[in-house]
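First to last, the sequence lines map onto chains A and B.
End of the first sequence sits at 325 in our numbering; the numbers just go up one at a time, nothing left out.
End of the second sequence sits at 325 in our numbering; the numbers just go up one at a time, nothing left out.
Heads up, some of the hints might be wrong.
No copy labels: a pair is met if it fits in one copy or bridges any two.
[Unchecked claim] Restricting the straight-line Cα-Cα distance to at most 30 Å, the calculated cross-link-like pairs of lysine-lysine (DSBU-like) are:
(1) 208 with 293
(2) 232 with 137
(3) 208 with 104
(4) 287 with 232
The hints are simulated quantities; they were obtained by calculation from the structure and are not laboratory data.
Protein chains: 2
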Amino acid sequence: MNLIKKYYSPTNSQLGVGGGGKSVSVLSPATVANVVCGFDILGFALSNPNDEVTISISDEVGVQIINQDDFNLPTDPEKNVSGAALLAMLEECPDVKGFTLISKKHIKPGSGIGSSAASAAGPVVAANYLLGNRFSKEDLVRFAMFGEKVASGVKHADNIAPAIYGGVTLIRSIFPLDIIAIDAPELYVTVVHPQIEVRTADARMILKQNVLLKNAIKQWGNIAGLVAGLIKHDYDLIGRSLEDVIIEPVRSILIPGFNEVKSRCKEAGALGGGISGSGPSIFMLSKDEETAKSVEKEMISIYERIGLDYQTHLTTINQEGVRLL
Amino acid sequence: MNLIKKYYSPTNSQLGVGGGGKSVSVLSPATVANVVCGFDILGFALSNPNDEVTISISDEVGVQIINQDDFNLPTDPEKNVSGAALLAMLEECPDVKGFTLISKKHIKPGSGIGSSAASAAGPVVAANYLLGNRFSKEDLVRFAMFGEKVASGVKHADNIAPAIYGGVTLIRSIFPLDIIAIDAPELYVTVVHPQIEVRTADARMILKQNVLLKNAIKQWGNIAGLVAGLIKHDYDLIGRSLEDVIIEPVRSILIPGFNEVKSRCKEAGALGGGISGSGPSIFMLSKDEETAKSVEKEMISIYERIGLDYQTHLTTINQEGVRLL
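The following block holds chain A by itself, in its conformation from the complex:
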């Protein structure tokens, strides 16, 4: 295709991927990253909430963005998470001029459940479908990371990978990118989003650059236990391993009610949980729906008492990632 491009610039219709109105809609899921002891490496996709994204191939060059929600996100594609991801994809599609994107977000930006990853992942998966699935999932993660860079200044993949692959994913290494699907057992997820603002930049700033070796050893014992527990479907081991001695003690102070949520949810039967992403959402894992409902009740009672606005989600792990509508 690069050779062809040297001599003439074909229209999309000449290449058979033309913007004749064909469009694809997908649901792009919320995700939990920084899963307790798995800071920067472990994430999973949620069955709910999801953003809705519709993509069509366009004869105009670049990306046109139409927002159908109240979040007032930028429509300049270079400053828009979805736009940046699609522009990165276009760089490797010499036969495509552009895309038109209609976005209806349901995942609140800044909630800590991967709103920007959903904005980045959904469009590239939908666009890839329109292009005959020419790119691998790993390629799509690579494109979507350009969207994350627009959102937070950092090209991280721990929300994007589960959004695209579904299930639980491990980012063993970011450069070079090495994504490993972890086959987890059925888990119910309860999320509470206390509606305060925790800026990702602040959450990053308060982390210390150095950690004690003895704490790092505890952490890698726990992440090793958590991965073993997930793959072996050993709920007790998962529960015992959900401990973070490095990030949570520092970041949880930015989230009012955190310690109480954690202790009361565990008393209510949750296996464990912690900060979702860089907060302020808190997630808890449970073995069954009934426990997950009790956990939700505890969360509600705590934020009702504190008097902070909040939103809860009671859901499961989404095993397929972004899905076609």
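Model the placement of chain B on the given structure of chain A, informed by the hints.
Only chain B this time, still in chain A's reference frame:
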């Protein structure tokens, strides 16, 4: 038993566990701990070499030690690794007066392949058999850790757990003790022991108390990948995850030839490897015996050229741990 003990001290024969000459012999295996990115938490047992240990119940109080090798180890049970482990066990056996131990060591002390763990694990497994297997494997690890304390001043379990459980073991937590068996695929292990002295105390001293968070994140990505690779029997993932950015760069400078051994063995097809325990032994993992033999040839050629005495072992992972003869 404690109640009875208040009033009279029964002889062993009154309790039916008497020292009537019944004895048990076991092979107690060498082990590799600090498996690359699994510092302090991951270890595995080797099919060879093994120590030979024979235990009988005695009517004399305490532990009598008979050494049948040339290592000149102490016979005072409180200063002897096997003795300290057996004394800890006796504390929980009010019906037993003592043990007699005959020890024939083949694993060189100070080699870095768990010589002290073999001395601690073999006797307690053998004694437990004589006592009708009244203790769990976890209890036996707990007793054997008293032996490790005599050897190095620290009650660690990362060699003892694989010696007793066999296979690959994860110490998720040391206090409270949480040992997880990791079901690994068939692996060949090549070990070279360059015969220099690396004191465990020195190897500990040169470690820094603080590590960079970004390196800790790399390390827990790798240990998570390694555990996933082992359980999923994914050799490529095992190989990619065998990377240690924290301990090896510091400790490897104590081992002449380390970098060359590692790079040439990987070129010869090894999945990867690193320092065994706190050194000076170096181990390499391979998928098949032929590769493991090529790896051994590389090790031999390097230490022949350097002019250091060395010993090699070409073996597999021992799946059963200490075994009865």
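Hints versus structure:
Taking the shortest alpha-carbon separations for residue 208 and residue 293, neither the intra-copy value of 36 Å nor the inter-copy value of 46 Å comes in at or below 30 Å. Within a single copy, residue 232 and residue 137 get their C-alpha atoms as close as 25 Å, and across copies as close as 21 Å, so both meet the 30 Å cut-off. Taking the closest pair of Cα atoms, residue 208 and residue 104 never come within 30 Å of each other, the shortest separation being 37 Å inside a single copy and 50 Å across copies. In the homo-oligomer, the alpha carbons of residue 287 and residue 232 lie at most 30 Å apart both inside one protomer (14 Å) and across protomers (23 Å), since each shortest distance falls under that limit.
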